[in-house]
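Here is how the chains run, residue by residue.
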Amino acid sequence: MSSELVVIITGVLVGASCALVGCFLVLRRMALLGDAISHSVLLGIVGVFFFTGGRSALLMVLGAGAVGLLTVSLVELINRTGRVREDAAIGLVFPALFSLGVIFVSRFPSRVHLDVEHVLYGEIAYAPFYRFELFGLDLGYRSFWMLGIMAALDLLFVGLFYKELKLATFDPGLAAAIGFSPVVIHYGLMAAVSATTVVAFDSVGAILVVAMLIVPPSTAYLLTDRLTTMFALAVGTGAASAVGGYWLARSIDGSIAGAMATVAGLLFVAAFLLSPLHGLVARLLRLRHLRRVFARGLLLSHLEGHHGSADLATLRCRFLWNARTAAAVTRGAVRDGLVRETTSGAYTLTEQGRGAARDVAAG
Amino acid sequence: MSDPTISAAPPPVEVRDLTVAYQARPVLWDVDLVVPEGKLMAIVGPNGAGKSTLLKTALGLVPAAAGWVKIFGRPYAEQRHLVAYVPQRGSVDWDFPTNALDVVTMGRYGALGWLRRPGKREREVAMECLRQVGMADFAGRQISQLSGGQQQRVFLARALAQDARLYFMDEPFAGVDATTERAIVELLRGLRAEGKTVVAVHHDLQTVDHYFDEVALLNVRLVAAGPVADAFTHDNLHLTYGGRIGFLAGGPDHGPATSAAD
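For the protein sequence lines, the chains are D and Z, in the order given. For the first sequence, the positions run 1 to 363 when full-length UniProt numbering is used. For the second sequence, the positions run 1 to 262 when full-length UniProt numbering is used.
Zero decoy hints are in this set.
SDA-like mimics (lysine to any residue), calculated; alpha carbons at most 20 Å apart, straight line:
id, chain 1, residue 1, chain 2, residue 2
1, D, K163, Z, D163
2, D, K163, Z, A111
3, D, K163, Z, P118
4, D, K163, Z, Q142
5, D, K163, D, R226
6, Z, K120, D, Y162
7, D, K163, Z, G140
8, D, K163, Z, V125
9, Z, K120, D, R226
10, D, K163, Z, R116
11, Z, K196, Z, V125
12, D, K163, Z, W114
13, Z, K39, Z, A229
14, Z, K120, D, L160
15, Z, K196, Z, P11
16, D, K163, Z, E122
17, D, K163, Z, D93
18, D, K163, Z, R117
19, Z, K39, Z, E194
With the C-beta cut set under 8 Å, the calculated list includes, among others, these residues of chain Z facing chain D:
id, residue
20, L61
21, R80
22, P87
23, S91
24, V92
25, D93
26, M106
27, W114
28, L115
29, R117
30, Q142
Chain D regions said to be covered by chain Z (calculated; three or more residues, Cβ under 8 Å):
id, region
31, 155-169
32, 221-233
Bear in mind the hints are in silico, worked out from the structure with no lab data behind them. In this text, a Cβ means the ideal position worked out from N, Cα and C, and glycines have one as well.
Chain Z extracted, bound-state conformation (with noise of 0.2 Å):
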């Protein structure tokens, strides 16, 4: 890895012949992809196409039954430091007796590591980071009081704080008002701008092409990935959603298709 004679550097996520089952029931099937450096890219599927779980085994947090995942070349668990994780925000309870401040504080944990408790210096980043998505007014407000859209924007300052190279957030756009939506848009393409790498679960077909520079279209199997340009076509789509689930598939006649046609 340190040789400086070896110019292609290995790409943020590598996933080769990856099948991931639950019980008997294959979630993920065969599945190759590779995530470029420095590009935003959605993952878009029906539901129960193993988008989530996609994430989920990149981090080790599902276990793969066959096949692999490479993290800029190595493992994971030799990577972690590398990754931030924005789970959906369903996931947790926000019931939790914490303020925001404190749950962004939280990014800072796998830096610290086992014992070593977050200090002065782990709540100035922590605040830093919800300043960057607009909620420093609310470090101190506990979490159940805050709204959906808000909460996201605490769980995504807390990726901030992890201080990561690739980011993987499932569904950062799940239920959030337009505040929040651009705030994230922004946040996304900054992210971007210092050449970081971000893989999201997106549901929302009709943005897809101007929020993302690449695409994966996932039903168990990779359908096609690739610049949203080449990958986000009419007939892609169609394979993705319409074969499987006949309701859906007047889906992408509306608008993404189309506007991916341009």
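Looking at chain D on its own, in the form it has when it is part of the complex (with noise of 0.2 Å):
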């Protein structure tokens, strides 16, 4: 396989299963608990870089995991206190557990591998040189088995919980009622953040997982209404912030995670201005048309009302319209055939313009 692709498929997988995740997490809206995740399970992987000396795949999430979940606890300690909110703990939190962290990696080079470029922006180009042995058997890339056993165990997470997750973030009170415990479904949905993010970090860097857990679904929140779409559109843009980026990193010369983070944020900027749904162009032309229908109401019962016929400069001072509005407005009613302009340069109704003024009063 070229190394290209061994690189593509490993930002397709990170892509893939931080959207997973990462859809709770937006419509949770705890976009910044999975940021303070993301960077505090640094201390949990130089731990056990430091304890065991080794880069052993299991004790590395298992480790990252611990410090996840006790970031997470530790949030809702401060939180619970009363004075510090929620968007301060977690500000409190992970600063001091990621420079911890760092300190370690600064202070014990030699019996932590990791360099601070790749604890801040990943390794992805080194992907096609780590391969995965197993009694002496070489397995092929241990990228594609960690991010490939994350995904399948993430697919699992997300669609053996569906229900479960679905109503825990909708309406939590009635989660807790019929017996589906909102705190059990929320540490559980935080140790998949956790353990996805360490699988991740290798990958892309702590800085960049979190574009990649929060972007793609926040994109997809854009482009439906729906939730099982949002997921694989999620999961789909994730994808395809991978591919592009790889390729955009390719023809800037530039770094790959980095590229696949600014991808991902102009696949955002795209849907937030052209998705259909809740763009905003899509918006400016609803809220035009609605203006449109409205001021056409308006000259119809004018017209309908006490005068019979009405010239522009009446209608303009009746409704302060400018000269653009009012020219559009008596235009598009004469192209329809409610109005007819007279010889006198006054507007006045057709006889299907008084049924649709009838239909105006009306509501």
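These two chains come separately, so use the hints to put the complex back together.
Here it is, written out as structure tokens:
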């Protein structure tokens, strides 16, 4: 397999597994907590390095998972004291744990085989060089195994507990009342986020993991009103960011992880502007359409009412329309056969227009 | 429980010596309350009186500092399947990507238990419940596109889907239009006709005697509880609202107490 393809597939697996757990983070308004976990897991990784000296994937995931859950419970503990709000509590906890990790990395470089650059930006470009060996057998690329298993576990987690996660996210009160403890579900999700983060960490680093967790699900959220579709779109966007990011990094000769996050961001901006459902352009168009309908209603009922006819100046004065609005509204009404322009330059209702005016009045 | 010689069935809700506190502040103080079966009971009281907290404690969502609540004679955890819950409409995120039918289907999740997925049968039940609240035409509608009253009816349909014997409702009438208000009243009467029990937090003192059989007046302590004709008196309203919050003292004088005194 070409090393190019190895890097791309690794990136796609990162994007897919992060998007799966990220969807619930976004829907639960816990993006910041995802950010916190993705940073503080560094302490777990470093701890495992420091105490075992090895690079055992399982220990690494367990260590990071433990620190991830520690982050969540510390945030809740501080939050519960009453005087520190959740965002501030998050801002207190994760820099503390992250900086401990950074100190370990810089103080014991011989025992912790990580450099700061790797921690921050990952080393996806090296994915082709790490092989997975068991009992002396070469089983293929290490990143494929780790990320493939993680993506499968995330899919299993979301698939098995879809109903529980959905209910606890939408209505935690009802979830608790009918026996699906939102606390258990919350910690389950946070464990999944922690594990996913640490596996993805190797490839894209501490800073950009959060981009893969949050950006593709946010993009998907703008594009659909259905939860299942949101998952599919998030995974698709995550994968597309990886492929596009690799291509971008190649063409500008820059960081692959950085380019992946950039492409994810660009896709988000595109959805933000162009989504037919919640995009800025669609919203503006809808708004303009509503304004036009309303303005036409005003025109018709005015003509139907006490006057019978009116010229542009009267209309502009009556409704505070500028010249462009007045011209557009009357032109539209004439085109649709609701209003007729008389020889003196005034406007009167046609037969069809009188019917439409009565509809406006009836609401 | 299975002994047929025990004739007195345990009441739907029995609250004894219940005290609940947030931090050091008591929200409920030594409350005793029995809700009789087959009745519609309103819980009224000023803001901060602990009305929602009473429901939440009964549902095990808020821990009690002292005392207990029993549902049909047993702790709530053993009786979940008999109880439906309608939270305040504002307590959930209506931008959540889902439709009305799916929200109502959530009412079946408790019966399904962990891991089992809702299927055709659950959706049929949900559809029937939407029909009962006059929302069948909105089944596929994204929930953020519904009006406040329609959202409330979706919540009630979800409670119907829970197929319970006891219904807890937190302000079902809050901020709804006249159509929805009528639909809710009809629904409550339908539930009563089937012998179900409803406990609802209620804010509109004017309608207590029209909509409900029983009333509990609460202001941290329980002021009075019983049939509306007995408990919903001017004196009790004054004790509940008047003494503590001066500017509300005018409230009871306008209408409800006089109609209750008829």
